[in-house]
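Residue-level listing of the chains:
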Amino acid sequence: MTLLPFAVAVSVAFAVPLLGEASADQVSRILVSLQKNLLTPIPLCFLLGIICTRIHGGIKIPKELYYSIAIFLLMSIGFIGGHELAHEYQAHGVATIWKPALATLFLGCVTPITSFVVLRYIGGMSIADSAGIAAHYGSTSAVTYAVANSFVEQAGHPANSFLPTLVTLLECPGIAIALVIGAALSAKERAARAAESGRKVKESKLGEALYEVMTGQSIMLMAGLLVIGFVSTLYMDPKGFQPFYDFFQSKGMLFRGALCIFLLEMGLVAGEKLGDLLKVGPFLVAFGILIPLIHGFLGVYLGHMAGLNLGGCAVLGAIVSSASYIAAPPAVRLTLPEANPTYSITAALAITFPFNIAFGIPIYFEMAKFVGAQ
Amino acid sequence: MQLYPLKIVTVVGESVIMEDIAERGVELGATGYTMSEVIGHGSRSARNVGSTAGGAKTLKVEFVVPTDVATTILDEISHEYFEHYAIIAWLSDVSVMRGEQYTRKSGG
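Sequences listed follow chains A and B, in order.
Numbers in the numbering used here are just positions in the first sequence, counted from 1, shifted up by 28.
Numbers in the numbering used here are just positions in the second sequence, counted from 1, shifted up by 55.
No lab work stands behind these hints, which were simulated from the structure alone.
Hints should not be assumed to be uniformly reliable.
[Claimed, not checked] A few chain B positions that, by computed beta-carbon distances, are all more than 12 Å from chain A:
| hint | residue |
| --- | --- |
| 1 | K62 |
| 2 | G84 |
| 3 | P121 |
| 4 | T122 |
| 5 | I143 |
| 6 | V149 |
[Said to hold, decoys possible] Think about it this way: if two alpha-carbon atoms lie no more than 30 Å apart in a straight line, the pair counts; the simulated DSSO-like pairs of lysine-lysine are:
| hint | chain 1 | residue 1 | chain 2 | residue 2 |
| --- | --- | --- | --- | --- |
| 7 | A | K91 | B | K112 |
| 8 | B | K115 | A | K307 |
| 9 | A | K88 | B | K115 |
| 10 | B | K112 | A | K88 |
| 11 | A | K307 | B | K112 |
| 12 | B | K112 | A | K267 |
| 13 | B | K62 | B | K115 |
| 14 | B | K112 | B | K62 |
| 15 | B | K115 | A | K91 |
[Stated by the list, open to error] Computed far set for chain A versus chain B, every beta-carbon distance over 12 Å:
| hint | residue |
| --- | --- |
| 16 | Q54 |
| 17 | Q63 |
| 18 | Y149 |
Idealized CB from N, CA, C, for every residue including glycine.
Generate the whole structure from the sequences, applying the supplied hints.
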């Protein structure tokens with residue numbers, strides 16, 4: 029906790045070169061962008077959810093509807109991603125895709141390590157807690173992708189077509205790396221505890237947890253539908269393909285409406301978790317805002333270097349900065365049971381997710397303009 | 056009507072570990088189990104991450120077993136899961152019909 033000023037100083041030092049060159053004009057553009065984003069149905073539904081929970085209001089989204097919508101959103105992201113990927117492949121082969129894919133994998137490996145180092149050595153958190161939170165921040169949130177994608181489409185700068193492929197690539201490595209770090213570093217402590225109690229060392233569930241992440245609903249649906257969208261675009265008659273496209277398309281009324289309902293539920297859950305903000309302390313609150321900005325900038329910058337367009341850079345920044353709250357929690361729970369889930373869930377869901385939805389996405393969009401993406 | 060005196064081990068906990076517990080119970084001598092979703096709140100409910108949005112899931116698993124198997128299961132669960140997970144377990148007496156169904160014939 030005493031190291032909080034240091035953490036802020038490091039982040040400010042990181043951001044100064046950016047802000048130093050930003051003119052008053054750019055700052056006002058960011059503010060306009062923020063306002064444009066905030067006053068749209070998706071963040072407003074999220075806000076409604078938060079308010080409803082805080083005042084003990086009566087909105088209740090049935091679990092089955094929530095799961096159905098999650099399935100539809102994941103299928104849409106995968107299917108449309110596969111469809112657009114097929115067009116990209118037909119036009120350019122893999123020439124435009126391999127660099128962003130490599131950059132995404134690199135980011136997936138770097139973000140859990142930066143998160144772990146900051147949490148452990150600046151925040152002074154335990155190994156298990158640091159690794160547990162790092163696993164959440166190393167992975168990504170598909171809903172943040174959907175919201176960011178809608179934002180850049182509305183801003184008239186649609187992202188490169190293959191971004192859903194990058195979301196799938198980003199989901200796993202971060203969780204795996206953080207869990208391996210956590211399991212390796214805490215193995216000694218566990219052995220000591222087992223020796224003390226005279227029991228055998230509990231076997232690590234790392235393999236089982238990673239298998240569950242790889243075969244979990246998010247990856248299976250997104251990657252599966254990506255392949256289906258890709259193959260059917262290449263081999264199906266376009267007229268026959270059209271109804272599927274109409275049903276799943278992300279610019280369509282079904283997708284956007286479903287996203288509103290989903291965000292309403294996310295708001296209801298985040299509203300409950302807001303109460304935990306006091307429990308997690310100011311360091312984690314600062315972490316939940318500053319780390320996404322740093323990771324987001326890295327995503328935007330490397331995306332630009334890898335040749336992504338303006339929308340693509342902003343969306344890559346958003347997904348790199350986002351924290352997983354669906355795939356990561358059970359995996360962390362199985363592998364690092366001593367980690368306190370209140371920390372990771374509160375940071376991911378009550379701090380970073382709302383921050384990204386309200387402020388982060390327009391900021392990454394402006395960052396993308398700033399680095400010169402077009 | 057003949058009734059057989061047996062024990063029922065009930066374990067209620069966060070969904071992420073309950074399938075493991077059900078399988079472990081069978082490995083330790085239970086011939087089967089019943090699992091159901093329940094709603095509740097306890098001192099460690101905050102640890103339950105089941106499926107974050109859509110509500111954290113709490114599951115209940117029950118084994119009808121002879122006394123020796125019941126104590127083995129409770130011992131194992133308390134050692135493996137009590138320290139870090141949101142979980143409670145208890146033992147009750149039950150009288151069941153067709154009691155031979157709940158006892159393994161060849162010690163396996």
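Against the structure, the hints:
no.	hint	result
1	K62	holds (24 Å)
2	G84	holds (20 Å)
3	P121	holds (25 Å)
4	T122	holds (23 Å)
5	I143	holds (16 Å)
6	V149	holds (31 Å)
7	A:K91 - B:K112	holds (11 Å)
8	B:K115 - A:K307	holds (29 Å)
9	A:K88 - B:K115	holds (24 Å)
10	B:K112 - A:K88	holds (16 Å)
11	A:K307 - B:K112	holds (23 Å)
12	B:K112 - A:K267	violated (43 Å)
13	B:K62 - B:K115	holds (16 Å)
14	B:K112 - B:K62	holds (26 Å)
15	B:K115 - A:K91	holds (19 Å)
16	Q54	holds (35 Å)
17	Q63	holds (27 Å)
18	Y149	holds (24 Å)
Comparing the model with each numbered hint stated earlier shows that hint 12 is the single one that does not hold.
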